[in-house]
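> Chain by chain, the residues:
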Amino acid sequence: MSSRIRAQCVKELLQFRRDRLTLGLAFLLPLLSLLILGFAIRLETKDIPIVVQDLDRSPLSRSYTDRLFATDQFHPSRWRGDDPVGAIDRGRARAAVIIPPDFSRRLKAGKASTLQVLVDGTDANNARVIRNSIQATTEFFLQDQGLIATTPPVQARTRLWFNPGRKESLYIVPGVYAVVLWIFPSLLAAIAMVREKEKQTILQVYASGIGAGELLLGKGLAYLLVGGAMAGVVMGLGSLIFSVGFAGDPTPLLVGTSFYLASAVCFGLLLGVRSASQNAAVQGVSLIGFLTALLLSGFIYPVSNIPFPLSLVSAIVPARYFILISRDAYVRGIGWPGVGFDVLVVLVSGLVLFAAARRSLGAMQLDEGAGR
Amino acid sequence: MPRSSPAEPAGPPLAGGADPVLHVEALHKAYGALEAVRGIDFQVEAGEIFGLIGADGAGKTSTFHILAGLLNPSAGTVRVLGQPPRQARSRVGYLTQSFSLYPDLSVEENLRYVAGLRRVAEGDIEERSRQLLPQMGLGAFGDRLAGQLSGGMKQKLALCCALIDRPEVLLLDEPTTGVDPVSRREFWDVLARLAGETVTILVATPYLDEAERCHRIALIHGGRIRQVGTPEALKQGLGLTRLELRCTQRAQAAALLEGAAARDPDGPGSIVDVQTFGDRLDVLVRDADRGVAEVRDLLQRRELTLENLQITSPTLENVFVTRLRQEGAQPQPLAFPRSGERRQRTDPAIAARALSRRFGSFEAVRQVDLEVGYGEIFGLLGANGAGKTTTIKMLCGLLEPSAGQVTLAGQTSRLRSRELLGRIGYMSQKFTLYDDLSIRQNLAFYAGVYAIPRALRRQRIDWVLASCGLEGRGDMATGQLPGGWKQRVAFGAAVLHDPEVLFLDEPTSGVDPVARRQFWGLINDFARAGTAILVTTHYLEEAEQCNRVCFLVAGRSVIEGTPTAVKAAQPGHLYELLVPPGDTQRAADLLRRRWEPWRVGIFADRLHLVLDTAEPELEEVRRLLDEAEIRIQSLHAIPFSLEDALIGTVQRAAGAPP
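Order-wise, the sequence lines are chains A and B.
Start counting the first sequence at 182; every next residue gets the next number (our numbering).
Start counting the second sequence at 878; every next residue gets the next number (our numbering).
These are calculated hints, taken from the structure and not from any lab test.
By construction, the Cβ of each residue, glycine as well, lies at the ideal position given by its N, Cα and C atoms.
Treat the hints with care, since some could be wrong.
Stated by the list, open to error - Ranges between beta-carbon positions, derived for each pair: (1) B:Gly-1019 <-> A:Leu-406: 41 to 51 Å; (2) B:Arg-1433 <-> A:Gly-205: 33 to 43 Å; (3) A:Ser-214 <-> B:Gln-1336: 58 to 68 Å; (4) A:Gly-205 <-> B:Gly-1325: 50 to 60 Å.
What the hints assert, rightly or not - The calculated lysine to any residue pairs, modelled on SDA-like cross-linking and capped at a C-alpha distance of 25 Å, are: (5) B:Lys-1444 <-> B:Pro-1493; (6) A:Lys-380 <-> B:Phe-976; (7) A:Lys-380 <-> B:Pro-1493.
Let's have the full structure, built from the sequences with the hints guiding it.
Have a look at this one:
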């Protein structure tokens, strides 16, 4: 390793160690983000308040009501009025089920009966979930009561692979890793770069004759090491707290994480080179970082749902590929055959970002027009 | 304080001796529409200390950036050691204007980092830092964080870093701005020694006394070089003689003589220029004898008594100011539109008794007594960190003293009352103007803050614009003004309400000599109208403008009095010694072995020597130099400057150097 790169790297690490802000950014905030994102994001809705207006008041209608609340999906709304529509209007219930007065009489007579179900459609996604759920409960109720005699001729037997218990943390936590390990290493690298410009120390660096590549490699290497330590802490504690473990070969994750961190650091360096002040750099890195890593990476919303031309942007977001690698390591366990390509894409993204940063630094001179 | 050590070997000998080390020809640099450098030429020979003297915005830093290879010139030729600057980077050490080292790294870590960047071999780093750090007086501070060093030590560290790669050329951009006088002297002693080892030094400085220590200087202003030459040649080239006048009723005498100078600028009269100082007048005359006669005659006719008149040589500042005046426009002093006469008062405007302030265990100000009367200009002097700003803040009630009492405009308590604040003006070190407002909006804002009657507002704002030479440019954004101009506007904003007491914290740093003189013209105008003025500065040459001065060293007042009295109280004598050019460094080393090092300073090709007794010690000087076979070309007494006085006092107080 060239002595210049080493000198640069050693200096960065010394400065990093002395600064409480960067230490916090490297360890405290990533952990906090892990906890917040890991605990706060729940995609599946549970405990939906619904109101049931039982006009029948028969044993059969009561047993239907009990069946509805037997799952952990619904719980009775604490609405005490007589108008179920009012409960939805005031946001006390997400759905209202109205059982007609002749419910049990008609069923016992072998006639069809209607239940009125009103669902709050504000949250379109959950409205669908509620509707399906009530329908399924009703069907199950009918079978259970022996009101439908025949079994349907075709039955789909589904089995959930990789995550049979539908444990949600298995889906969320590997995604959180992608967000946290992108944002914070890139923030640190951007600050380290732009601070030299703000404090004018960059003049000394330029005057020394060090090349753009050497400067970036020195700084990048230092923050890659910091990022590695960060990844160790975040992933280690994350596995313990959310009890997720490796599903298969962890080597693609190991290699992929190194490339991913390098890519994040290069992204930070690029923005650091291009911004004039620490403020601008921090805002740029965090805004772009959060938007892409949270929204365009498939962390929450499926990538396939992103419409054209936004899908093109999503296609070049490294977090998107790292999420696949990370989910494979913790959930799917396929290993290299499954995610080898994604590891490669992350590596290429890092190289492209490095080349861009190097180009921006240009001849290691002051910008024209920057003045004195 | 570093003792001079045996000379270390310089870099490889220069090839082809005849070529200049720095060659600059028709250099231009433009940033968009702004032309920072407009065609400058100069050449610097090996082992020469070449000074670029000019104010902020003169184009110095751009020139340095270009020579260091950080910036491409818009036009012109630049060769460093016969190469384009970028290729010569590894042979050039650059000390930038702002401290470009890392405050959160220790002295040694900074040095190692720079050495690593410049590819100094691992073994050499160790050896050279062991050599350099003690030379600069940093031997004991290797582990100290750079951010915790004093201003002078920081600059010495920066110089160590620039020297670690054994450069052949040193570029020093204002290396001593804000550094205390003692450290400044030491710094220049190191530079003189380096030049003796054939390191070529290009240095920029706003201090004209430092310019005297350069072999050659170039006066740069507005992106052009106005004059080049040795300091001696420039002063002689002016063809004028300076008269120092001490008399009663200075203001009247000044007005009288100025009138004579203005009457016939090119006529038969001899008086060219008059400058008011704190306790004397400087008059530049074309001919010494005729000038003296004319001055005596003028004063006699008005029955003004002349206490003392000395004939002496012009200063570099005279050169600079005269030269720039020939270039033309400079705003004329204008009377401030006052609302009425102020009554004469004899009680002190500012008084402090045993004023102290501690921050934790650090004593920033210790037992300072001072008294400033109405109409008096009082200078609070000292290096950065000596306690000047803390003292000012306590005097105007911004900071509570730990002990002692303050009387401000007759009040001893409630110094922040609205009524009192309306009678006080304060211009702080940092600009208090809003960059994104126009100049006029800024002034209108302050006029509103001070509740100036509407009728006067327009008049006074116009006065500020006119006295700054900014008529018709009031709608310009303040942020676009160069530093020196901004300071003048800030001064205008601080005096809009015609305060009785005015605090000026470093009002003139970075301002060119012409502007600085004009600045002092304004300050004098306020003093004549009865305003008490307390001004801090680290330019000791400027302290001559004050009626009385007080030096702070580490929070303690070490000297107080009129500039003349301070200089007169200095024990011993100052001698200037001229030896053949090649022997300067050897003679200095020799004399420093006999006397304390601070008593011997190298000023370009001359030596300054402070001796306590005259003849016996002079005899010894002659004998020592004779034994070493160094020929004395001249040895004569010269007057002390204020800075000499301060350094002498501080060094004597510190006792024998370590």
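> Using the C-beta atoms of Arg-1433 of chain B and Gly-205 of chain A, is the stated range 33 to 43 Å upheld?
41 Å, holds
> Between the alpha carbons of Lys-380 of chain A and Pro-1493 of chain B, is the straight-line distance 25 Å or under?
At roughly 53 Å apart (the allowed maximum being 25 Å), Pro-1493 of chain B and Lys-380 of chain A break the hint.
> For the hint 50 to 60 Å, verify it against the beta carbon of Gly-205 of chain A and that of Gly-1325 of chain B.
42 Å, violated
> Is 58 to 68 Å a correct range for the gap between the Cβ atoms of Ser-214 of chain A and Gln-1336 of chain B?
60 Å, holds
> Would you check the hint for Lys-380 of chain A and Phe-976 of chain B, treating anything up to 25 Å between C-alpha atoms as holding?
Holds. Lys-380 of chain A to Phe-976 of chain B sits at ~8 Å (cutoff 25 Å).
> Does Pro-1493 of chain B lie within 25 Å of Lys-1444 of chain B when you go C-alpha to C-alpha?
Roughly 23 Å separates the two Cα atoms, so the pair holds.
> Using the C-beta atoms of Gly-1019 of chain B and Leu-406 of chain A, is the stated range 41 to 51 Å upheld?
26 Å, violated
Comparing the model with each numbered hint stated earlier shows that hints 1, 4 and 7 do not hold.
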